[in-house]
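Visitor: Chain by chain, the residues:
Number of protein chains: 2
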Amino acid sequence: KLAPGIGGFGGLFPLGDSYLVAGTDGVGTKLMLAFETGIHDTIGIDLVAMSVNDIVTSGAKPLFFLDCYSTGRLDVDVAEKVIKGIVDGCQQSDCALLGGETAEMSGMYKDGEYDLTGFAVGIVKKNAVIDGKNIVEGDVLIGLPSSGVHSNGFSLVRSVLARSGLSLNEQLPGNDVKSITLGEALLAPTIIYVKQVLDIVSKGGVKGIAHITGGGFTDNIPRVFPAGLGAVIYKDSWEVPPVFRWIQEVGKIEDAEMRRTFNMGIGMVLVVSPDASKRILEDGHGAFLIGEVTKGEGVTYL
Amino acid sequence: KLAPGIGGFGGLFPLGDSYLVAGTDGVGTKLMLAFETGIHDTIGIDLVAMSVNDIVTSGAKPLFFLDCYSTGRLDVDVAEKVIKGIVDGCQQSDCALLGGETAEMSGMYKDGEYDLTGFAVGIVKKNAVIDGKNIVEGDVLIGLPSSGVHSNGFSLVRSVLARSGLSLNEQLPGNDVKSITLGEALLAPTIIYVKQVLDIVSKGGVKGIAHITGGGFTDNIPRVFPAGLGAVIYKDSWEVPPVFRWIQEVGKIEDAEMRRTFNMGIGMVLVVSPDASKRILEDGHGAFLIGEVTKGEGVTYL
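Here the protein sequences line up with chains H and P, keeping their order.
Numbering-wise (the numbering used here), the first sequence opens with residue 99 and increments by one.
Numbering-wise (the numbering used here), the second sequence opens with residue 99 and increments by one.
Check the hints yourself; a few may be wrong.
Where chains are identical, the list cannot tell them apart; a pair therefore holds if satisfied intra-copy or between any two copies.
In silico DMTMM-like links for lysine to aspartate or glutamate, alpha-carbon gap of 25 Å or less [unchecked claim]:
#1 Lys231 / Glu355
#2 Lys276 / Glu337
#3 Lys223 / Asp115
#4 Lys350 / Glu202
#5 Lys301 / Glu199
#6 Lys179 / Asp317
#7 Lys223 / Asp317
#8 Lys376 / Asp186
#9 Lys276 / Asp173
#10 Lys159 / Asp115
#11 Lys350 / Asp186
#12 Lys231 / Asp334
#13 Lys224 / Asp115
#14 Lys350 / Asp334
#15 Lys376 / Asp274
#16 Lys159 / Glu347
#17 Lys231 / Asp373
#18 Lys293 / Asp274
#19 Lys208 / Glu390
It should be emphasised that the hints constitute simulated quantities derived from the structure, not laboratory data.
This structure is a prediction, so every number in the text was calculated from the model and none was measured.
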């Protein structure tokens, strides 16, 4: 008995005139950077973000969140910091922290390490669900800025770090705006788009939403399109943040691999009618017009 | 914004005339025995069981389940077996497998190892929720048999195994009924009580339900009682399965520690009116009358 929602960003379960929408995810090896830097108080924001950003792509309002914290031997100080981040993330997404589980599993995790899994459930009226099926050629792609790498691609980040010979305490090279260490830049918490996206959705014209996680634009944008449609991305329509330029340069990584691994500065993509796009851009959400829907398939970069 | 449900077995979220009830859990270091024996096709049943058995204690019908599978490098054969178990568990609890996530985290897990987290959501009408508040002195405790150790206490199990010098392929000592290896006995999947409990609940008279997990009777039964009430358990009212007798003997473990760690053969305890208890026992659920509610607090063994 598999539900029809599998394949989307969140799973949909019909309940009366609504769908419950559920998502689960962890934060991947971004955790390893938290272990290395000792910065544990924002990884919980990432954890909440990964699940709630998935379910908001259906237009669902998150109701509640649960976490599971697995470790070898519980370090209460570290756990408190992690949970503080989870509480922050729940506040940012206006959802209840409904419960959680702490599992001490001796022998499974190295000293000082832990794994996190998050689960979120939201709700959306059936007649308001966003599922991409009304997308047509000529619709517009709106990008919402990310805070950096968010919570995907950290295996590649870590190999680039090792190759760079830099420590996480050193300054991020090529960053003119303000002084920031590599550790701070890489651990910048994932943006929680819930309030912003629900506000935009409430004004109409949003037909599809893609959360840009592992797979980048290349894999995630096509997930919302009906068969026979693709996207053109204007690759110079926003500025790629310095952290990505540094990763690409040090790692000597091709454009195609960067775009299939990282969000490149855009963490959420809305597919909207041309009319709605004008209003959204005027409303000042920090949004960029980054492309349009075309015949064909997949994502092309112009 | 913390929900009131924290402290129960599942978290309760009000939605119209109902509560959504959510639970999350893993299977702890029972996983290590799956790694050692190579038996991966039932650990998914344990995973589903841990969450759905929690939420059914509120009288909630499970709606859907999601899993998160974390590993260093995905072994597709192993993952297929694990997912087969998850599908089995969802069928046994009549709920949809709504989604899941596979996280490859190089460097976090040893070769061949993985961690699992499960998440279930159910629903119950507000006027039918089971929360223990109507329990009174003289109510009866009904126990439903477990299949063995279920999914708690495996750190102690593993230290006993090491002390015994036996391999998981050897026969479980002191087991007259049928031939079974230690590995098979210890990995016996957790019973999913959903259909049985909901059937009993539908006939009325059930006031509180305790899922016997880590903490055993001693910690879990009092969680459902109003202040000022405790329980007497008739410790000879059911037969403790051979696997527990072996663990206690080899580990030289006190009764009190056994009862605070293991289910001792009873995986779910229903607190019911005396009238309901007669009907449940006659209905042939394999249930035992194992105790009664008394003034005082905590659990006493007679």
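Visitor: The structure should be examined with respect to each hint, and the outcome stated for every one.
Guide: Cross-check of the supplied hints:
1. Taking the shortest Cα distances, Lys231 and Glu355 never come within 25 Å of each other, neither inside one copy (29 Å) nor across copies (58 Å).
2. Taking identical chains as interchangeable, the C-alpha atoms of Lys276 and Glu337 lie at most 25 Å apart only when both belong to the same chain, with a minimum of 16 Å there against 69 Å between chains.
3. With identical chains, the CA atoms of Lys223 and Asp115 are at most 25 Å apart both within one copy (6 Å) and between copies (17 Å).
4. For a Cα distance limit of 25 Å, the shortest separation of Lys350 from Glu202 across copies, 23 Å, qualifies, whereas the shortest one inside one copy, 40 Å, does not.
5. In this assembly of identical chains, Lys301 and Glu199 lie within 25 Å of each other by CA distance neither inside one copy nor across copies; the values are 38 Å within and 32 Å between.
6. Taking identical chains as interchangeable, the C-alpha atoms of Lys179 and Asp317 are never at most 25 Å apart, the minima being 33 Å within one chain and 27 Å between chains.
7. For a Cα distance limit of 25 Å, the shortest separation of Lys223 from Asp317 qualifies neither inside one copy, at 27 Å, nor across copies, at 41 Å.
8. Taking identical chains as interchangeable, the C-alpha atoms of Lys376 and Asp186 are never at most 25 Å apart, the minima being 32 Å within one chain and 50 Å between chains.
9. With identical chains, the CA atoms of Lys276 and Asp173 are never at most 25 Å apart, being 34 Å at best within one copy and 44 Å at best between copies.
10. Taking the shortest Cα distances, Lys159 and Asp115 sit within 25 Å of each other both inside one copy (15 Å) and across copies (19 Å).
11. For the homomeric pair Lys350 and Asp186, neither the shortest alpha-carbon distance inside one copy (36 Å) nor that between copies (46 Å) is at most 25 Å.
12. Taking identical chains as interchangeable, the C-alpha atoms of Lys231 and Asp334 are never at most 25 Å apart, the minima being 28 Å within one chain and 62 Å between chains.
13. Proximity of Lys224 and Asp115 under a CA criterion of 25 Å is satisfied in both settings, with 6 Å inside one chain copy and 19 Å between copies.
14. When the C-alpha separation of Lys350 and Asp334 is checked against a cutoff of 25 Å, the pair qualifies only within one copy, where the shortest distance is 20 Å, while the shortest distance between copies is 70 Å.
15. Within a single copy, Lys376 and Asp274 get their C-alpha atoms no closer than 31 Å, and across copies no closer than 77 Å, so neither meets the 25 Å cut-off.
16. In this assembly of identical chains, Lys159 and Glu347 lie within 25 Å of each other by CA distance neither inside one copy nor across copies; the values are 39 Å within and 53 Å between.
17. In this homomeric assembly, Lys231 and Asp373 come within 25 Å of each other (Cα to Cα) only inside a single copy, at 18 Å, whereas the closest approach across copies is 55 Å.
18. Proximity of Lys293 to Asp274 under the C-alpha cut-off of 25 Å is found in neither arrangement, the shortest distances being 30 Å within a copy and 62 Å between copies.
19. For a Cα distance limit of 25 Å, the shortest separation of Lys208 from Glu390 qualifies neither inside one copy, at 47 Å, nor across copies, at 44 Å.
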